[in-house]
Structure formats: C-alpha cells, structure tokens
Amino acid sequence: MGRSVRLTRSRHRDHLHWPGVIFVLLTLLIGGAALQRGESLLIWVFASLLAWILVSGVISGWMMLGVRARRIAPSHGEVGRALRLRYEVSSLSRLWPIFDLRIVESGRTECEPATVMHCGIGEQVVAECTCVPTGRGRLELTAMRAKSGFPFGLLLKSVESVQRDEIIVHPTITPLRGDALQRLFAGRGGEGRSASAVRGAGEEFHGLREFRSGDALRAVAWRRSASREALVVIERSAPAPRRLALALDLRMTDPPHTREQEEVAIAMTASLLHNGQRSGWEVGLRVIGVNHTPSTMLSSRRHLVELLDQLALIDLDRARTREGLERSRSSASSIVIHPGEPRALAAPSDALCIAATTIKSLHEVTA
Amino acid sequence: MSEWRSFRFQALLFAAMALSAFAFSQQSALLLAVVVLGTALSWTLVRRTTTIRRGEVTHAPRWLAAAALIALLFIAGVWGYTKDDATLLPSAIGFSISLVLLWRLFARRSLSDERQVLMLSSVLLIVAVLESNDLLVALAVLSATMQGVNCVIRYRLAAAAQASHITETLGRGWFGGVRAVVGASPRADLTRTIRIALGLVFAFTLTLFVLFPRNPHPTGGLFALRSGSASEFSDHISLMSPQRLTPSQREMFTVQWLGPDGEPLVAPGILRLRGVILELYDVATSTWVGRTAPRQRFVISEGDEFQSLTSSQVDERFNTFTQRVVIRQLRSDAIFSAWAPISILGGTAQVYTFDPRTLAIRTMDIESAGPIVGYDLRVQPFASDGVLAALHRGEPRIPQPPTFPVESIRDEALAILASAGDGELARESGADDPAARWARNLRIARVFESELTSEQFRYTLDLRKFIRLGDRDPIELFLKQYRFGHCEFFASALCALCQSVGVDARIVTGFLARDFQSTAARYIVRESDAHAWVEIRTGRFQWTALDATPADNLAPTSSDDESWASVLRVLFEPIERVWQLQVAQFDARAQNALVGRASESLNHALRTTWSALEQTALRTGQSARVGVSGYIWFGSIFVSLAFTLAAALIWSRRLNRARRALGVGRRDRVRARAAMRDGAFYVDALDLLSERGIARPSNVSPRAFVQIVRGRNPRAGEIFAQIVERFYAIRFGGERSDARARAHDRLSVGALRTALSE
Chain A
0 MGRSVRLTRS RHRDHLHWPG VIFVLLTLLI GGAALQRGES LLIWVFASLL AWILVSGVIS
60 GWMMLGVRAR RIAPSHGEVG RALRLRYEVS SLSRLWPIFD LRIVESGRTE CEPATVMHCG
120 IGEQVVAECT CVPTGRGRLE LTAMRAKSGF PFGLLLKSVE SVQRDEIIVH PTITPLRGDA
180 LQRLFAGRGG EGRSASAVRG AGEEFHGLRE FRSGDALRAV AWRRSASREA LVVIERSAPA
240 PRRLALALDL RMTDPPHTRE QEEVAIAMTA SLLHNGQRSG WEVGLRVIGV NHTPSTMLSS
300 RRHLVELLDQ LALIDLDRAR TREGLERSRS SASSIVIHPG EPRALAAPSD ALCIAATTIK
360 SLHEVTA
Chain B
0 MSEWRSFRFQ ALLFAAMALS AFAFSQQSAL LLAVVVLGTA LSWTLVRRTT TIRRGEVTHA
60 PRWLAAAALI ALLFIAGVWG YTKDDATLLP SAIGFSISLV LLWRLFARRS LSDERQVLML
120 SSVLLIVAVL ESNDLLVALA VLSATMQGVN CVIRYRLAAA AQASHITETL GRGWFGGVRA
180 VVGASPRADL TRTIRIALGL VFAFTLTLFV LFPRNPHPTG GLFALRSGSA SEFSDHISLM
240 SPQRLTPSQR EMFTVQWLGP DGEPLVAPGI LRLRGVILEL YDVATSTWVG RTAPRQRFVI
300 SEGDEFQSLT SSQVDERFNT FTQRVVIRQL RSDAIFSAWA PISILGGTAQ VYTFDPRTLA
360 IRTMDIESAG PIVGYDLRVQ PFASDGVLAA LHRGEPRIPQ PPTFPVESIR DEALAILASA
420 GDGELARESG ADDPAARWAR NLRIARVFES ELTSEQFRYT LDLRKFIRLG DRDPIELFLK
480 QYRFGHCEFF ASALCALCQS VGVDARIVTG FLARDFQSTA ARYIVRESDA HAWVEIRTGR
540 FQWTALDATP ADNLAPTSSD DESWASVLRV LFEPIERVWQ LQVAQFDARA QNALVGRASE
600 SLNHALRTTW SALEQTALRT GQSARVGVSG YIWFGSIFVS LAFTLAAALI WSRRLNRARR
660 ALGVGRRDRV RARAAMRDGA FYVDALDLLS ERGIARPSNV SPRAFVQIVR GRNPRAGEIF
720 AQIVERFYAI RFGGERSDAR ARAHDRLSVG ALRTALSE
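As given, the protein sequences belong to chains A and B, one line each in that order. So for the first sequence, numbering that gives the first Met the number 0 puts the first residue at 0; every next one is plus one. So for the second sequence, numbering that gives the first Met the number 0 puts the first residue at 0; every next one is plus one.
What the hints contain is simulated information worked out from the structure, not anything from laboratory work. Where a beta carbon is used, it is the ideal one built from N, C-alpha and C, also for glycine. Treat the hints with caution; some may be incorrect.
Facing chain B, a subset of chain A residues (Cβ under 7 Å, in silico) [to be verified]:
1. Ile-42
2. Trp-43
3. Ala-218
Some chain A residues flagged as far from chain B (calculated, every beta-carbon gap over 10 Å) [what the hints assert, rightly or not]:
4. Glu-38
5. Leu-41
6. Asp-99
7. Gly-134
8. Arg-144
9. Glu-209
10. Met-251
11. Gly-279
12. Ser-298
13. Gln-309
14. Arg-317
Please take these sequences and the hints and turn them into a complete structure.
In structure tokens:
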C-alpha cells in the first residue's frame with residue numbers, strides 16, 4: 000500500500016469531445032430541416048436525436064453520481080518496470096450499474112487507464128492498470144479521474160477523487176550473474192567470511208559441553224573426556240554470512256560527473272545490493288558526498304528495501320561534500336562504486352574501487 | 000452468443016432497417032430484394048471462424064466481398080442508366096450509400112468497420128426521411144431509431160473492451176476480464192440498461208415530438224408541392240422565380256370513381272380534379288390570382304346525407320358519378336372535384352363555401368375544424384345547361400370579353416393566328432352574338448393549344464436557365480425566347496394568349512388522376528400529379544378544358560406499373576390512415592388541440608377533485624357538528640398521527656441502516672429487531688460523525704475509518720475505536736447485548752459527542 004492514504008473530496012465535470020460536438024451539429028442541421036419542412040417524420044428524427052443527448056446526460060449523470068474509486072497503490076516500484084496500480088471501484092447508485100468506466104491518474108501520462116467494463120449496483124470491483132516509472136524517487140499520485148461516455152459516447156462525464164499516495168521508485172535493478180560478487184573479489188581474497196557467535200554447523204570451535212544422547216561420536220573430544228572422566232563434545236560455531244559494504248561515491252569531483260553517470264552508479268549500486276542480498280550476503284550501504292547515515296549490515300529483504308529506498312531518495316541536486324572515505328571497521332568486503340573512473344587514492348586500501356560501467360560485464364546471461 | 004457476436008448481429012439489423020427504409024422511400028422492389036438478400040448473405044454465407052481473437056472476426060472472403068461490390072455497382076449503373084433524370088441527386092446519394100453499406104456488411108472485420116456500418120446506416124436513414132414519409136418508411140425509421148440505441152450502447156462497450164485489451168477474449172465476451180466481488184450478471188444488467196435507455200429515449204422523443212414548435216400557417220405554391228417541401232396546395236401561380244423542381248411520388252390522396260350503381264370504374268381519359276380557379280394576371284408580381292367571388296354560398300355537411308350544391312332538385316339517375324376522395328398527405332382547404340359537382344358529403348362535419356361562378360368548393364376554417372380526411376362528391380361530367388343553371392342559381396350576366404395586361408402577348412397571339420390562317424378571327428369580337436362568341440373562343444383557343452403543343456415548345460421541370468431579362472414578362476419570355484417550361488408556363492401562355500384576343504379563359508389548378516390501381520380500384524394522386532390547365536368558356540354556363548402541356552407528360556399510368564408498395568398498401572390501409580392523420584399530419588392545429596384537451600382534462604380532474612373534497616368537508620361538518628372542542632380534538636389526533644408517522648419514518652430509516660450495517664436481511668425480522676436493538680449505537684456514532692463532517696466512505700472498512708477519525712480528532716478516534724470494536728464483536732462475534740451493555744454503548748456515543756465538541 001502506498002504511503003499517506005487520504006480520501007477527501009470528489010468533483011464532477013462534463014467534457015466536450017468531437018463525437019459529441021459532431022452529433023450536436025448534426026442534430027441542429029436536422030432540426031433546421033424539420034423546422035423548414037415541418038414533416039412529422041423529420042421532426043420525429045430530430046426529437047429522437049435530442050432525446051439521445053438528454054438520455055446520454057441523464058444516464059451517465061446518474062451513473063457517475065454513484066461512482067466511488069479508491070486507489071490501491073504499491074509502496075515501491077522500480078524504474079522501467081511496470082507498476083501495477085489497482086482501483087477499488089464501488090457503485091453506490093441504486094439505479095444504474097457502472098459500464099465502460101475508465102480511471103486515469105490526473106497529470107500522470109505514464110500511467111495507462113484502468114477500465115471497468117461493469118460494476119453492478121451496490122457492488123465493488125477491482126480494476127488494474129500499469130504504470131511504468133521513468134525515474135527513481137518519489138512517485139506522487141494525487142488524484143484520479145473516473146471517466147465515462149456511457150451510454151452513447153456523446154457526453155463525457157468524470158469524477159475526480161483526491162487521494163494522495165506516494166510510491167518510492169527504486170533505481171533500475173539489473174539482473175547480475177549469481178557469482179557476480181565472487182568474480183569481483185576474485186584474486187583479492189577475503190570475501191567477508193567470519194565465524195559467528197552462535198552455535199551452528201560451521202568449522203570454527205565454539206565450546207565444549209557434556210555428551211548427550213544422539214551426539215555424533217566424531218564430535219566427542221576424547222582427550223578432554225579422558226581428563227574429565229566424562230564424555231564431552233565439541234560445539235562448532237555457525238558460519239557467519241559474508242558481508243558486503245557498498246559505498247557509492249558521489250563526492251564532488253573536478254570535472255563533475257554527469258547526471259547520467261551518477262544515475263548509472265546508483266543503479267549499479269542497487270543491482271549489487273540486490274544481488275548480494277539474494278546471494279545471502281549481509282549488505283550495508285554508505286553514500287559518500289551527500290548527507291547520508293551509513294546503514295547497518297543485514298541480509299534481510301526488508302533491509303534491502305530500506306537500502307533501495309535510500310538510493311531512490313538521493314537528491315543529486317543538493318550540495319555535495321568532499322569528505323573522505325574511512326576504512327570499514329567491520330570485517331566486510333568493501334566496494335566503492337564511482338560514477339566515472341575509479342579513484343583508488345580516495346578510498347581505503349582494502350576497498351575494491353570499480354566504475355559504474357563495470358556492471359556491464361556482470362550482467363546475467365539470458366538464454 | 001457472445002457479446003461481440005450479439006453486437007455484430009444488432010449492427011446488421013440496424014443496417015438492414017436503414018437499407019429497408021431507403022428502399023421503401025424509393026419504392027424500389029429491386030433494391031429491397033437486394034437489401035434483404037445482401038444482409039442475409041452477409042450473415043450466413045460468409046466464412047465462419049470459431050475461435051475469434053483480437054482483430055479477427057467472422058467476415059466474408061475478400062473475393063466474395065469484391066464480387067458483391069462489382070455486382071452492386073453494376074446494378075447501380077443499370078439503374079442510373081434507366082433513370083435519365085438529373086434531379087434525382089438525393090436518391091443517387093442514397094443509392095451510393097446503400098451500395099457502400101452493403102459492401103461493408105460483407106467486409107466487417109474490426110470494430111472500425113462496425114462503426115462505419117453504424118454511421119453509414121444513420122446517414123442512409125436521414126436520406127430516407129428526406130425522401131419520403133410514407134408509413135413503411137416511417138416504420139423502418141422508427142424501428143431504426145430505437146435499434147440505434149441498442150447498437151450504440153453495445154458499440155461503446157466493444158470499444159471500451161478493445162481499448163482495455165479485453166478484446167483478447169472477444170470470442171467469449173466483454174466482461175470476462177473483470178473480477179466482481181459479488182456477482183450481478185453483467186449481461187442481465189446490460190439488457191436492463193438498454194431497455195431503460197430505450198424507454199427513456201422513446202418517452203423523450205414522444206414528448207419532444209408533441210412539443211416541437213410547428214408553423215401554424217405554412218406557405219407553399221402549387222409547385223412547391225413538387226419540390227417536396229410542403230403538402231399544402233397554393234391558391235395562386237407565381238412565375239417570378241423559376242427553379243428546378245423535383246417530381247415527388249408522395250401520395251396526396253386517393254380517388255374512387257363510382258358509377259351510378261356504386262361500382263368503381265375507370266374514368267374515361269384522365270380525370271381532371273379542379274381545385275383553384277385563377278383568372279387575373281398581376282403583371283407586377285407575374286402572378287395568377289383568383290377573382291374575389293361575391294356570390295359564395297355556404298354548405299354545411301353533417302350526417303350521412305349528400306348536401307346539394309344546386310338551387311333545385313337535379314335528376315341523378317343518369318350521367319351522375321360519385322367521386323370518393325380519401326386524403327393521405329394533402330393539407331388544403333380546396334376540394335378537388337371533377338366537373339361539375341352537384342352535391343357533397345364530408346367525412347367530418349365541415350362548412351364549405353361554393354362559388355357558383357367557378358364551381359370551386361372550399362372549406363371554411365380548416366385551422367379550427369381540423370384537416371379534411373375525405374369527402375364524397377356527386378358529379379356530372381357532362382352536365383346539362385339546366386343543371387349548371389341550377390348550380391348558378393339563375394342566369395349569369397355575360398361578362399365583357401377579357402383583356403390581358405401585357406401588350407406584347409397580343410402581338411404574339413395575332414401572329415400565331417395569322418400564321419394559322421385564322422387572322423380574321425382576331426378582328427371579330429362576337430360580343431353581340433353569344434353563340435358566335437363561344438364558337439370563336441373555342442376555335443381560337445384550339446389554335447393556340449395546337450401552337451403550344453407543337454415541337455417548338457419543350458416541357459421541363461428544370462427552369463434554372465429561365466433567366467429573367469430586364470422587365471420582360473415571364474410569359475412573353477416563354478413564348479418568344481425560351482420556349483421551355485412546365486405546366487404552369489404552358490397554361491399561363493395559353494390563357495394569356497386567349498385573354499389578349501378577348502377569349503374568355505381561366506387557369507385551373509388541381510390534380511390529374513391518372514394512376515389507376517386495379518388492386519384497390521382507385522386512383523393514386525401524387526404530388527407530381529399536380530397540374531395546371533385552362534378552361535375556355537364555350538357557353539353561357541359551359542366551360543371546356545384545354546391543356547397546352549405536351550401530351551407526352553400527361554399519359555395515364557398503366558395498372559401494370561403498380562408498385563409492390565401499392566399492392567401491399569391494401570393490407571395495411573387502416574394503419575396508414577392512422578399514421579397519416581394522427582402522426583404525419585400532426586401540425587400546429589393538432590398540437591394546440593392536444594394541449595387544449597390535456598389542459599381541459601387536467602382542469603376537469605382538478606375541479607372534480609376539489610369539488611368532491613368540498614362536498615366531503617361540507618357533509619362532514621354538517622353531520623359531525625363537533626364545535627370548537629371537537630375541532631381541537633380532531634386537531635390533536637391529526638398532530639399525533641403526524642408525529643407518529645414521522646417517528647415511524649425515522650425508525651424505519653434507522654432500522655434499514657442498522658440492517659445494512661449488520662448485514663441482516665429484510666426477511667429475518669427477529670434478527671432485524673435484534674440488530675436494531677444491539678447495533679443502533681454504531682449507527683448513531685456514524686450519524687454523529689457525519690454531522691460533524693466526517694462521513695464514512697462506503698468503501699472504507701470501519702477499522703480503516705477509525706484511522707481517518709483519529710487523523711481528524713485523536714480523542715474522538717480513540718472512543719470511536721472502542722465503539723467499532725464493540726460493533727465488530729456484535730457483527731462478527733455473535734455477541735448479544737443486555738440492557739447494561741446497551742446503556743454502556745449509549746454512554747460511549749455520548750462520550751464521542753463530547754469529544755467531537757471539544
């Protein structure tokens with residue numbers, strides 16, 4: 000669900016469009032002929048055309064009076080990937096069901112209209128449409144307009160409902176090879192492996208305890224058992240997940256990077272974060288050059304979404320700093336992503352500095 | 000049948016109605032046959048596709064559509080070749096549209112094609128209406144206007160389905176892609192909506208048709224009839240603005256010619272039905288007008304008896320025929336009668352004026368008395384001088400020989416007489432010897448008639464090249480310059496030539512009954528049968544009809560030329576009469592009469608009701624004799640009843656709201672009462688919030704609404720949250736309330752009120 004849902008007022012409007020204008024002109028022509036000739040059949044046809052206009056207004060008016068729409072927006076989207084917006088449409092009218100209703104987002108041309116072919120009296124249906132975001136950041140949806148020309152398409156009537164939703168659009172996440180990080184760290188050693196403080200099925204020594212029924216005989220510490228005259232077994236530590244500290248270098252440079260280069264760097268950072276989380280790494284993010292608080296290192300999906308949110312909300316128009324990048328205190332593998340050419344001197348010696356364009360070599364191979 | 004296929008069928012029906020309407024308007028059996036066959040073939044003999052996907056629907060193979068188009072164009076070419084008349088432009092347009100429409104029916108592949116079919120059909124309907132307002136056309140048009148509602152609604156849905164990519168499932172229907180939470184049948188809803196729309200369109204159309212402002216005094220000339228712009232018959236001939244006239248096949252009236260034994264007969268030759276007699280020519284306006292008749296008589300027709308036009312009894316055993324006229328589309332105060340009428344029987348009570356000098360009959364006040372639906376006349380085509388004297392009511396004064404106001408016409412007349420070797424006739428006056436005068440009249444008129452019917456003069460309805468030159472009179476231009484025109488010019492020329500040399504002549508306008516229909520044993524008189532000819536005085540009472548119009552244009556229509564429509568008409572004659580009299584001739588007078596009747600009925604009903612109420616009140620007062628205390632007592636009862644009614648209404652409204660809130664059906668009265676008792680506090684809370692401007696949107700759940708209330712008033716939100724939880728416990732938890740719990744609930748609502756007031 001999008002953030003900050005607020006239902007407020009709705010506003011009804013009538014719209015002129017070409018079919019209606021042409022129909023009205025034709026009606027006037029027939030009316031002129033009927034007045035001039037005074038023939039009953041011609042008058043009947045003229046009256047019939049007028050009746051069409053009246054009935055069109057009456058039916059669509061009654062129908063639209065009972066239309067209520069509520070947007071069900073997702074909380075996140077991704078640049079270039081279709082975002083599915085859903086609308087809960089209710090018919091409150093006691094007289095007319097809803098037919099041929101189109102819902103469009105006001106001021107959002109990138110969103111296709113959602114169509115409701117039918118919604119019975121007192122019923123509720125869900126319509127869907129897709130919207131392809133073109134840039135990361137906050138996608139603000141303020142109002143939606145439900146339009147219908149039913150039954151004859153002569154008059155277009157609409158109801159605008161104000162409902163503010165905010166969708167955070169993440170940078171483009173390019174699918175990378177499963178071993179993308181291993182490839183990056185190949186030859187450098189230290190892929191961020193360490194032992195954790197909890198028991199597990201790893202190889203590192205954790206402690207000793209008394210033998211319990213069911214323990215494997217291989218785990219028995221025979222020497223220590225002999226000295227204690229009781230069986231004790233060796234407990235192992237659980238293997239800690241590998242850790243990846245990503246740093247996005249957006250510091251001020253001379254000459255400055257182009258906006259496109261920076262966006263590519265952001266997208267690459269997002270892709271690496273996504274790839275790392277999917278591969279079981281604990282990932283952390285630090286954005287250098289902008290006011291950003293470094294995140295902790297976790298491997299959960301929720302943590303990834305938070306990091307992607309942070310990337311999505313980076314404001315490249317704000318002032319940059321020339322702050323330095325400190326060495327990571329954690330035992331994590333560090334990657335510094337530069338929008339342009341890597342500047343190894345500006346990064347800790349243990350960090351891997353790569354250019355954003357390096358991502359091309361890590362693309363997932365699709366059949 | 001899927002919605003898509005159903006829509007295609009409805010569109011085909013609409014097109015068939017439009018095509019039929021046009022065929023009826025043209026009275027073309029060939030076109031009707033082509034239409035019926037074409038529409039049927041387009042639906043049945045084309046390739047069937049069982050699995051229909053987007054953009055691919057049932058349609059004809061291309062070769063078949065092309066062959067059909069070639070065949071139709073060939074038929075159109077043959078038709079155009081046989082109709083050598085440049086004035087048939089509307090018909091030509093209609094035929095072209097018909098052909099294109101038929102072709103489209105064979106090549107319907109997409110929604111765009113269907114839209115074209117609907118638009119072409121609509122245009123064709125308008126052309127049909129402009130061409131004719133016969134009953135069959137009217138039936139087809141009325142059906143099509145209603146069918147159009149059905150088609151356009153379905154078209155809108157088809158367009159919406161295509162726009163929303165639901166057309167992927169067009170073969171199965173338009174509503175498959177929509178998920179309904181609770182399921183009313185879309186098809187049933189659509190059918191119901193279409194029916195309601197049809198009802199509304201019909202009601203609005205009928206109302207607007209009745210209320211449409213109509214011209215109470217439409218004008219039109221004799222040949223304005225022929226242009227199809229009016230159905231009135233003019234009482235003058237104007238030669239001022241020659242134009243191209245279009246012969247109209249609109250049927251004005253029918254005539255039966257009954258013998259003395261009452262059997263229908265075919266009249267010998269062409270039956271000339273005299274309407275208006277024009278004797279004077281106004282040079283300034285180039286107009287023939289009638290003489291003001293001082294000797295008019297009034298004949299009141301009532302009942303079933305013929306009213307005699309003569310001053311004395313006339314022997315009707317011999318040489319007397321009955322002319323029975325049934326009006327169809329003509330609206331005129333002139334009575335069209337063959338020579339010479341002796342008595343009249345009107346279809347409705349009418350007052351007629353009879354001019355003994357011209358034997359012309361008219362109705363008195365057509366606006367107030369209503370249109371003439373028909374009349375019977377007894378006529379004697381070969382009336383004796385005695386009968387004519389009885390019609391004249393005495394010996395008429397023999398007038399002086401006439402003169403014609405345009406001098407140059409006399410020169411032309413003298414030249415014609417001289418060239419015919421009858422120059423001496425012009426010098427004779429015959430004023431002293433009436434018999435010689437009548438003989439001279441006829442002889443001179445024959446010479447002129449012979450001249451005008453010669454090949455030097457040409458009959459045409461297209462007078463666009465008849466251009467007025469300076470101040471020259473149109474008759475002079477006709478005789479000396481152009482030598483072409485229609486019957487008005489021929490009659491004007493003959494009459495002018497005759498009057499210029501002192502021959503007693505007058506123009507008669509009316510109709511020629513020449514299309515005898517053997518099926519119904521009657522003549523059909525059409526607009527195109529309107530005609531003008533000349534009468535020459537050949538006796539003290541006798542006048543002889545002469546026609547200068549070339550005879551080729553006056554040929555009687557053979558009974559073999561009867562159209563299929565005429566044959567069919569026998570079957571639906573009563574319906575057609577109703578159509579013509581009640582609908583087609585629904586004019587300002589009928590409109591006023593209808594409004595008057597409605598107003599009178601309403602007034603009568605109101606007066607009757609008011610009178611009944613007065614009487615009841617009076618009787619009650621008289622019988623009760625209640626006095627002041629009694630009135631107070633009755634007043635108290637009335638106020639109590641009013642309060643009780645108001646309370647019942649409020650209770651009912653609250654009960655319904657509680658029912659809806661708690662999901663209790665109307666039939667479960669016990670649960671409904673329990674719901675009202677236990678859940679009323681929730682309804683009260685909602686009412687309270689609504690009064691303070693926080694109405695719950697119907698698509699927001701109660702718990703979601705709590706968040707909205709919290710956003711507006713946190714304190715009220717907290718209290719309302721408790722109320723909602725309690726409501727949920729009752730609604731979904733099956734909890735029952737005792738008196739203590741209900742009191743607590745009421746207190747919660749009170750607390751909410753307080754919180755909202757803070």
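Glu-38(A) non-interfacial with respect to chain B [C-beta, more than 10 Å] = 5 Å, violated
Gly-279(A) and chain B, when compared Cβ to Cβ, separated by more than 10 Å = 38 Å, holds
Does Trp-43(A) meet its interface restraint, that is, does its C-beta lie within less than 7 Å of any C-beta in chain B?
-> 5 Å, holds
Over 10 Å to the closest beta carbon of chain B is the bar; see if Gly-134(A) clears it.
-> 26 Å, holds
Measuring Cβ to Cβ, find out whether Gln-309(A) lies farther than 10 Å from everything in chain B.
-> 27 Å, holds
Per the CB criterion, is Ala-218(A) less than 7 Å away from chain B?
-> 53 Å, violated
Test the statement that Ser-298(A) is away from the interface with chain B: the closest C-beta pair must be farther apart than 10 Å.
-> 33 Å, holds
Measuring Cβ to Cβ, find out whether Met-251(A) lies farther than 10 Å from everything in chain B.
-> 42 Å, holds
Could you check if Ile-42(A) really has its C-beta closer than 7 Å to a C-beta on chain B?
-> 5 Å, holds
Glu-209(A): least C-beta distance to chain B exceeds 10 Å?
-> 52 Å, holds
Would the least Cβ to Cβ distance between Arg-317(A) and chain B come out above 10 Å?
-> 31 Å, holds
Minimum Cβ-Cβ distance from Asp-99(A) to chain B exceeds 10 Å = 4 Å, violated
When each numbered hint is compared with the structure, violations occur for hints 3, 4, 5 and 6.
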